[in-house]
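Trainee: Chain A is already provided as a structure; the job is to place chain B on it using the hints.
Heads up: the protein sequence lines correspond to chains A and B, in order.
Each step along the first sequence adds one to the number in full-length UniProt numbering, with nothing skipped, and position 22 is 22.
Each step along the second sequence adds one to the number in full-length UniProt numbering, with nothing skipped, and position 184 is 184.
Hints were generated in silico from the structure; no laboratory data involved.
Keep in mind the model is a prediction, meaning the values are calculated, not measured.
Please note: incorrect hints may appear among the correct ones.
Stated by the list, open to error - Chain B regions said to be covered by chain A (calculated; three or more residues, Cβ under 8 Å):
1. 219 to 226
2. 247 to 259
3. 282 to 293
Don't be surprised by glycine CBs; every beta carbon is placed ideally from N, CA and C.
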Amino acid sequence: IIKYFGSIPRRVKIVEVGPRDGLQNEKTIVPAETKIRLIDMLSDSGLSVIEATSFVSPKWVPQMADQMEVMKGIRRKPGVSYPVLTPNLKGFQAAVEAGASEVAIFGAASELFSKKNINCSVEESLQRFEQVMVAAKAAGVPVRGYVSCVLGCPYEGKVAPAKVAKVAKRLYSMGCYEISLGDTIGVGTPGGMSEMLEAVSKVVPVGALAVHCHDTYGQALANILVALQMGVSVVDSSVGGLGGCPYAQGASGNVATEDVVYMLHGLGIQTGVDLPKLMDAGAFICHSLNRRTSSKVSQATHCKL
Amino acid sequence: MQNVKDSLLHCHRLDKPIFRRGSGNDPLISFQSLGAHEYPEFVKIVEVGPRDGLQNEKEIVPTEVKVQLIDRLSDTGLSVIEATSFVSSKWVPQMADHTEVLQGIRKSPNVRYPVLTPNMHGFQNALAAGATEVAVFGSASETFSRKNINCSIDESMLRFEEVLNAAKDQQIPVRGYVSCALGCPHEGPIDPSKVTEVAKRLYEMGCYEVSLGDTVGVGTPGSMAAMLRSVTREVPCRALAVHCHDTYGQALANILTALQMGVCVVDSAVAGLGGCPYAQGSSGNVSTEDVLYMLHGMGIQTGVDLSKMIAVGDFICHSLNRKTNSRVAQARGSQL
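So that you can see chain A by itself, here it is in the shape it has in the complex (with noise of 0.2 Å):
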């Protein structure tokens, strides 16, 4: 019997990825400048927190390769924070050079996946984030952490609830103020979701955690509504559901934003986010993807009544 006692919160804090996790899975590159524009739409919408791009080497991720060029082309909105992507000390410096003021790191809580996505064991990825939130603390740069295969990995199947906690409570001992739990391949699903936070919440404070949930499996909302109910104040989603998921070839990946605004304005829950602009958001990257938006919310709105 999975014991939590629910209750849910009345402000949630969404993180955009879109800019970032979304774009990074999009087969189409798209240019610095629509990337600049796609962040200060988002900046408009009432969003408190934007992943601008990330610091790995282009190599790897040639959608991000212009990062310099969109941290710096950017409308800083005040109140508004920036977080990019540092997967090593290398990547930080690089974006603290082209101004970064917030960063976050990637751990996983799956062997497998660690060495062939980032081609290293948790113990030496968790050890070259080390370097970072040395550097991090010295620059005062606050760091969030990502676990990624909470729910599942691509690879091993099953994931241990307990694995997961570890790294957690590790990345958020080493400083990160913030640790988002991600179902990297959207596997998850209610029960299990309550399982893992039920574990992890032994050892980070609920306050410090977020969910980020795909829908490669239509889950992403009925399992952020679990969150919610067991105090999680912080919801990952990408505008227009940017980003399909690489394992899964045709499938979706990222919750849509403008979907989970709907549920949780519905719910009674502050956002401070302004869906009709939200949306606006989603319909300009969409066209400039040539893509057909991937929430739910933006295809019933944009029909005809």
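Mentor: Chain B in isolation, oriented as in the chain A frame:
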């Protein structure tokens, strides 16, 4: 394969959720329960693809394909498959072949094949065609009732009473539907008390089960909880079902909420067939495959084989020359 009749087990009843607008850091909804969310051990899926699904597909599907669809569904472990609708073909051309379909399908011994019957005329035709279970469709919205079936809610209830009386004589079970349970395309938000009124009426008339439909998919877990809280005061939750549309992507979250509140019957359509007539181009019914994935992932039994369901979805989408709406089917490498 499980026998559904034995199975509708304990619909766990949670303590009622409290939905209040507090101030400060009060939770808006707190499930003051035992400290655990308990879910039903078994959920009955009512497959509405062949009726609700196809009814809302533009392309007219040949009888042969409908029959094949239903026959394939009969082999997936489903215990209820809504086969067709005895409405006038003037209104719903897709269902013009209702008699041929009902007479053409292979009736599996473990499966029931309810059909829609809007009035006595439809009921008699259904009976003549061999129907052994029927369904009637009420609405929680006056405007929707008038626009959809050309009469007020009260008038529709009188028609249904006729059907219920005739059905009782023939020992034909009747399922009741309440549409617009979480919102109406014309009226907007719908008061839960109205849904309760209609649901109660249908139940007391003799419907063995009442399916509460979020017809335009606008509902969210909050409105679902509030509506169910109201309805379960008058109709036992074991006699309730939810029929969620996924037009705004909210269906699975709404279904989860319903399960948490003790509902254990869920309507869905294979491949998410059936768009929304009120929001052209958007989705309608929630996909059976996606519902199954969630339920099975939670350890809830349904008796239905997901792989077989995905295969049926492939078949009907291929026949309709359209893509599936099921995310599970897309992820599992559906060719469509």
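Trainee: Which numbered hints are broken by the structure, listed smallest first?
Mentor: none
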